[in-house]
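Engineer: Spelled out from the first residue to the last, the chains are:
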Amino acid sequence: QSALTQPPSASGSPGQSVTISCTGTSSDIGGYNYVSWYQQHPGKAPKLMIYEVTKRPSGVPDRFSGSKSGNTASLTVSGLQAEDEADYYCSSYIGSNNWGFGGGTKLTVL
Amino acid sequence: QVQLVQSGAEVKKPGASVKVSCKASGYTFATYNMHWVRQAPGQGLEWMGKINPSGDGTTYAQRIQGRVSMSRDTSTSTAYMELSSLRLEDTAVYYCARGYNYGHDYWGQGTLVTVSS
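Chains A and B, in that order, give the protein sequences. Sequential numbering of the first sequence, starting at 1, is according to my numbering. Sequential numbering of the second sequence, starting at 1, is according to my numbering.
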């Protein structure tokens, strides 16, 4: 059982925006600003897209943005493109030098 | 450029142990934590644990504590993850990932470990 809860699927048409949620508790997402998001294409290793809730690593398009409200974090993908179709995972520091992942969301570009 | 190159696929019998290596290059190995994450077939990511830069501090996920051991050799810039008493449900792709600001910025290519009788 994942520590964090994500919807199993999300979808949008090219050019649209889609938001993926990640719900935890006050002991993980709500307690720290240490949420990260990963993109994983089939057969590939995950790729860091967002860290510390809102920060983008170098090279990640600004179409990807992160936010947090209370115990829920969100990843928004604006201007959807075909190559954005992938699985997305949230992760959070959960205290005591432990990390947790969400169950993943499959994003489909219609 | 930063690279994490992992050892090859393994097939093990239940009850056996497996040791996966992760050779780092392109950065100062002794400066960053190394995490291990696994992914069972068709499933999500599961954090397994981490080892600190000097190699003298580890934290393991409670679910596998007692069966997992992480180590690192700074002379060869290589991290290791050993999982013992293997079960069928340990079949997964195992990834090493560099710790960065409470996230994981670089990942190895993954090592498939198959547990089968």
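Derived by calculation from the structure, the hints in this document are not laboratory data. Ideal placement from N, C-alpha and C gives every residue a C-beta, glycine not left out. A couple of the hints might just be wrong.
The calculated lysine-lysine pairs, modelled on DSSO-like cross-linking and capped at a C-alpha distance of 30 Å, are [what the hints assert, rightly or not]:
hint : chain 1 : residue 1 : chain 2 : residue 2
1    : A       : K106      : A       : K55
2    : A       : K44       : B       : K13
3    : A       : K55       : B       : K13
4    : B       : K19       : A       : K44
5    : A       : K47       : B       : K12
6    : A       : K55       : A       : K44
7    : A       : K47       : B       : K19
8    : A       : K44       : B       : K12
9    : A       : K44       : A       : K106
10   : A       : K68       : A       : K47
11   : B       : K23       : A       : K55
12   : A       : K55       : B       : K19
Which chain B residues face chain A? A few, computed with CB under 7 Å, are given here [stated by the list, open to error]:
hint : residue
13   : G26
14   : Y27
15   : T31
16   : D73
17   : G99
18   : W107
19   : V113
20   : S116
Engineer: Against each hint, give a clear statement of whether it holds in the structure.
Structural biologist: Verification of the supplied hints:
no. : hint           : verdict
1   : A:K106 / A:K55 : holds (22 Å)
2   : A:K44 / B:K13  : holds (26 Å)
3   : A:K55 / B:K13  : violated (43 Å)
4   : B:K19 / A:K44  : holds (21 Å)
5   : A:K47 / B:K12  : holds (29 Å)
6   : A:K55 / A:K44  : holds (23 Å)
7   : A:K47 / B:K19  : holds (24 Å)
8   : A:K44 / B:K12  : holds (23 Å)
9   : A:K44 / A:K106 : holds (14 Å)
10  : A:K68 / A:K47  : holds (20 Å)
11  : B:K23 / A:K55  : holds (27 Å)
12  : A:K55 / B:K19  : violated (34 Å)
13  : G26            : violated (15 Å)
14  : Y27            : violated (14 Å)
15  : T31            : violated (17 Å)
16  : D73            : violated (22 Å)
17  : G99            : violated (9 Å)
18  : W107           : holds (4 Å)
19  : V113           : violated (15 Å)
20  : S116           : violated (21 Å)
Violated hints, in rising order: 3, 12, 13, 14, 15, 16, 17, 19 and 20; the structure is consistent with all others.
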